[in-house]
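If you read the sequences in order, they're chains V and Z.
First residue of the first sequence: 47, per our numbering; consecutive thereafter.
First residue of the second sequence: 47, per our numbering; consecutive thereafter.
Read the hints as simulated data drawn from the structure, not as lab findings.
Among the clues, some could well be false.
[Unchecked claim] Simulated crosslink set (DSS-like; lysine-lysine; CA at most 30 Å straight-line):
{"hint": "1", "chain 1": "Z", "residue 1": "K72", "chain 2": "Z", "residue 2": "K189"}
{"hint": "2", "chain 1": "V", "residue 1": "K189", "chain 2": "V", "residue 2": "K125"}
{"hint": "3", "chain 1": "V", "residue 1": "K287", "chain 2": "Z", "residue 2": "K272"}
{"hint": "4", "chain 1": "V", "residue 1": "K125", "chain 2": "V", "residue 2": "K272"}
{"hint": "5", "chain 1": "Z", "residue 1": "K189", "chain 2": "V", "residue 2": "K287"}
{"hint": "6", "chain 1": "V", "residue 1": "K189", "chain 2": "Z", "residue 2": "K287"}
{"hint": "7", "chain 1": "Z", "residue 1": "K189", "chain 2": "Z", "residue 2": "K272"}
{"hint": "8", "chain 1": "V", "residue 1": "K72", "chain 2": "V", "residue 2": "K189"}
{"hint": "9", "chain 1": "V", "residue 1": "K287", "chain 2": "V", "residue 2": "K272"}
Note that the structure is a prediction, hence the values are computed from the model and not measured.
Take a look at the letters that make up each chain.
Protein chains: 2
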Amino acid sequence: MARLIPRADGRIRALYFVETAHDVRKAVEMMAGEQSSGTFVKIPGETPELQARHGAQVESIEVLGTVPSPSLPGSRLPKGTAQPVYSQAEVVLSWPFENIGASLSTLWTTVAGNLFELSPFSGLRLLDIEIPTPFAGRYPGGKFGVAGTRELSGVQDRPLIGTIIKPSVGFSPEQTAALVSTLIEAGLDFIKDDELQTDSPHNRLSERVDAVMGVINAYAERTGRKPMYAFNVTGDLDEMKRGHDAVLAAGGTCIMVNMLAVGLAGVTELARHAGLPIHGHRAGWGMVTRAPALGMGYIAFQKFFRLAGIDHLHVNGIRNKFCESDESVVASARECLTPLLGGYTVMPVFSSGQTAAQAADTYQALGSADCLYLCGGGIIGHPMGIAAGVESVREAWSAAIQGIPLAQHAAAHPALAAALSGFAGGGA
Amino acid sequence: MARLIPRADGRIRALYFVETAHDVRKAVEMMAGEQSSGTFVKIPGETPELQARHGAQVESIEVLGTVPSPSLPGSRLPKGTAQPVYSQAEVVLSWPFENIGASLSTLWTTVAGNLFELSPFSGLRLLDIEIPTPFAGRYPGGKFGVAGTRELSGVQDRPLIGTIIKPSVGFSPEQTAALVSTLIEAGLDFIKDDELQTDSPHNRLSERVDAVMGVINAYAERTGRKPMYAFNVTGDLDEMKRGHDAVLAAGGTCIMVNMLAVGLAGVTELARHAGLPIHGHRAGWGMVTRAPALGMGYIAFQKFFRLAGIDHLHVNGIRNKFCESDESVVASARECLTPLLGGYTVMPVFSSGQTAAQAADTYQALGSADCLYLCGGGIIGHPMGIAAGVESVREAWSAAIQGIPLAQHAAAHPALAAALSGFAGGGA
Chain V
47 MARLIPRADG RIRALYFVET AHDVRKAVEM MAGEQSSGTF VKIPGETPEL QARHGAQVES
107 IEVLGTVPSP SLPGSRLPKG TAQPVYSQAE VVLSWPFENI GASLSTLWTT VAGNLFELSP
167 FSGLRLLDIE IPTPFAGRYP GGKFGVAGTR ELSGVQDRPL IGTIIKPSVG FSPEQTAALV
227 STLIEAGLDF IKDDELQTDS PHNRLSERVD AVMGVINAYA ERTGRKPMYA FNVTGDLDEM
287 KRGHDAVLAA GGTCIMVNML AVGLAGVTEL ARHAGLPIHG HRAGWGMVTR APALGMGYIA
347 FQKFFRLAGI DHLHVNGIRN KFCESDESVV ASARECLTPL LGGYTVMPVF SSGQTAAQAA
407 DTYQALGSAD CLYLCGGGII GHPMGIAAGV ESVREAWSAA IQGIPLAQHA AAHPALAAAL
467 SGFAGGGA
Chain Z
47 MARLIPRADG RIRALYFVET AHDVRKAVEM MAGEQSSGTF VKIPGETPEL QARHGAQVES
107 IEVLGTVPSP SLPGSRLPKG TAQPVYSQAE VVLSWPFENI GASLSTLWTT VAGNLFELSP
167 FSGLRLLDIE IPTPFAGRYP GGKFGVAGTR ELSGVQDRPL IGTIIKPSVG FSPEQTAALV
227 STLIEAGLDF IKDDELQTDS PHNRLSERVD AVMGVINAYA ERTGRKPMYA FNVTGDLDEM
287 KRGHDAVLAA GGTCIMVNML AVGLAGVTEL ARHAGLPIHG HRAGWGMVTR APALGMGYIA
347 FQKFFRLAGI DHLHVNGIRN KFCESDESVV ASARECLTPL LGGYTVMPVF SSGQTAAQAA
407 DTYQALGSAD CLYLCGGGII GHPMGIAAGV ESVREAWSAA IQGIPLAQHA AAHPALAAAL
467 SGFAGGGA
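Starting from the given sequences, assemble the full structure and let the hints guide the process.
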């Protein structure tokens with residue numbers, strides 16, 4: 047996955063994949079003009095001085111090759127072109143900080159605004175951004191991150207092993223609490239609402255908080271261990287703030303938000319209000335990223351939401367059940383653990399088809415146990431029961447961290463052995 | 047453009063384009079399960095009763111045809127498929143209102159969440175949604191719409207003729223105000239900030255409001271006519287609210303927001319706070335819509351933001367300078383004027399390369415003069431000056447509304463004649 051090499055010179059910088067039938071430099075210079083001082087044409091007020099001070103600069107162009115047909119429809123050909131050839135390139139643009147100020151939404155508009163519709167381009171995708179230090183003053187990021195999440199959950203030196211309440215929708219608060227009781231007795235560290243389960247008429251958030259925290263608080267009192275439950279507070283801002291306050295008051299330790307449904311300004315405002323870690327679900331992410339020549343890559347995306355204040359970020363999982371490649375999942379997760387402006391630690395969240403079978407590969411790819419590892423069928427569907435499911439995942443991670451081959455470890459650990467024979471490549 | 051036929055039976059409904067190498071019905075039923083009570087596999091809590099009550103229903107499947115290769119990468123083939131054929135179809139899914147409640151962000155998550163990444167699909171695009179009436183209680187929509195905008199601007203029976211401050215970025219508040227003075231003296235009804243110009247260090251919003259409203263208020267006192275200026279308040283929520291308050295206090299009549307950079311929750315909260323019309327800019331829209339087999343169509347998109355409280359919605363323009371077809375622009379604009387839940391009137395905003403030359407086609411396609419018609423070079427670049435530019439556009443619309451052929455009208459109106467010979471197909 048292509049990344050920017052930061053220059054830390056105070057400018058805002060963005061790396062793009064572009065595809066065009068035009069001269070690449072001319073097309074990219076038009077893009078730079080459109081996203082800074084210019085418009086499609088030269089206009090009276092755009093003096094050379096103003097252009098020098100506020101114009102975006104094309105810093106580099108690396109032509110990757112050509113393709114015979116356009117990746118996206120709608121682009122226009124250079125005049126008189128009969129047999130177009132489409133050049134693909136990676137280009138870096140930069141802007142003076144002064145154009146934008148320390149504003150995440152203006153940054154988003156500048157690096158990911160109208161440019162996707164510019165007619166010379168048959169492909170345009172934002173891959174990475176460099177955000178200058180003044181942003182750190184206004185956006186301090188998540189208040190909890192890795193250390194805070196570990197402290198609240200009491201889990202050190204290994205991933206938090208978690209699961210998701212299923213069915214996605216349809217349980218009452220009492221049914222949810224009853225399932226939570228089963229899950230925490232089985233040893234889970236982390237449980238979350240489904241992204242579809244917010245404050246719905248059949249399962250009001252306030253009632254769910256009361257019912258679930260009743261179970262968790264009683265368990266914590268008895269055992270000294272308080273599993274983390276991420277309550278999905280996604281909604282309008284007043285609802286999200288009230289939801290957060292209810293979770294905090296009930297002794298809860300995490301809230302969850304669907305980042306793309308809420309948006310950057312909503313997440314930022316909620317994070318400023320919050321006194322709990324925020325679990326960031328990326329439902330809808332496919333819309334932004336799945337066309338390879340359009341949209342935004344995860345490396346750029348996660349920077350916006352880390353600054354906005356998210357503490358846990360979904361990254362899909364190795365051998366997942368969606369369309370994403372392992373290479374892309376691993377690059378996303380590693381990027382979450384890469385410091386941003388010297389900080390902004392965030393827990394990558396592995397989810398979708400995860401079981402004991404992917405633990406070693408995940409640890410090897412990530413080079414760290416700082417993550418949430420969420421399993422559905424890989425725990426709930428374990429042939430020896432849910433507790434054995436949790437045990438199998440813990441054992442798989444323990445083997446991975448100690449560098450013990452999984453098969454060898456399984457020989458002495460029956461829950462792990464059963465998981466490995468049950469979920470060959472990955473779970474359901 | 048495909049649209050849903052509303053049933054008004056209280057269910058939430060969504061129309062999708064899908065493409066899959068699997069049996070279409072099986073694939074779409076999996077999609078319905080994943081977005082409601084189910085997950086990838088049958089799970090213990092998903093009883094037949096729960097499924098009947100909360101499961102999404104596949105209401106219709108219309109197969110459009112087949113294609114030999116996938117529109118998007120990453121989809122999985124049915125087991126044992128050597129020569130896949132990809133079926134394309136339009137399908138309608140519906141959900142009980144109870145799953146979601148009257149929550150725009152939960153609605154977004156449900157109809158536009160994880161489904162874009164489901165592995166059977168090599169294409170998936172949301173085309174339209176039916177929103178049931180309980181949403182109207184929580185989301186009353188824009189407070190001004192067509193009637194409020196006309197009242198505040200004093201413009202009746204024709205479009206508001208407008209322009210955008212250019213250069214996009216780089217002017218000081220004083221330079222902006224000086225240009226505004228020229229533009230309103232030339233007769234413009236509406237002026238807006240560029241989407242890139244928010245509260246930047248070289249042009250603070252509060253200073254721009256004071257400088258621009260000084261000019262506009264003086265003009266209004268002198269002439270009795272107060273042109274509308276849309277100040278771009280895009281930012282964090284506290285900044286947007288402060289920005290709105292400053293505009294209101296200074297006698298301004300409109301604020302603008304970059305909808306996708308701010309997001310649904312932020313726009314909703316700002317709209318609840320606002321006492322002015324909100325001009326909705328769609329910068330970044332290309333990212334969501336430009337891949338034909340992915341993302342969201344405008345008919346669905348605009349419903350979310352109309353409910354959230356937007357009063358003016360950008361729709362691009364006929365013979366625009368971007369990648370969008372006229373057919374798509376016209377369908378978007380017509381949809382903005384189609385009542386939603388019996389109301390939610392919103393002004394479609396035509397912009398990008400507009401001149402006197404497109405007025406007749408725009409009026410004919412829209413069947414209404416209820417719109418904002420924004421010209422850049424088409425007014426500023428008029429050979430006889432800016433006032434003649436404004437005059438040419440007003441004359442073109444006057445001819446269109448009266449049903450007079452443009453060439454005939456131009457014969458007696460020199461500003462229009464000059465515009466038509468200067469901007470043959472459309473302007474810059």
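Sort out whether K272(Z) lies within 30 Å of K189(Z), counting only the CA atoms. Holds. K189(Z) to K272(Z) sits at ~19 Å (cutoff 30 Å).
Pair hint outcome, K72(V) versus K189(V) [Cα-Cα no greater than 30 Å]: violated, 44 Å
Holds or violated: K72(Z) with K189(Z), Cα cutoff 30 Å? Violated: K72(Z) and K189(Z) sit about 44 Å apart, past 30 Å.
With the threshold set at 30 Å, check whether the alpha-carbon distance from K189(Z) to K287(V) stays at or below it. Measuring from Cα to Cα gives roughly 24 Å; hence the hint holds.
Does K125(V) sit within 30 Å of K189(V), going by the straight-line distance between their CA atoms? violated, 54 Å
Taking 30 Å as the top limit, are the C-alpha atoms of K287(V) and K272(V) close enough? Distance of about 23 Å is within 30 Å: holds.
Measure nothing beyond the straight line between the CA atoms of K125(V) and K272(V); if it is 30 Å or shorter, mark the hint as holding. violated, 67 Å
Given the hint that K189(V) pairs with K287(Z), test it: the Cα-Cα distance must not exceed 30 Å. holds, 24 Å
Would you mind confirming whether the straight-line C-alpha gap from K287(V) to K272(Z) stays at or under 30 Å? violated, 39 Å
In terms of the numbered hints stated before, the structure departs from hints 1, 2, 3, 4 and 8, listed from lowest to highest.
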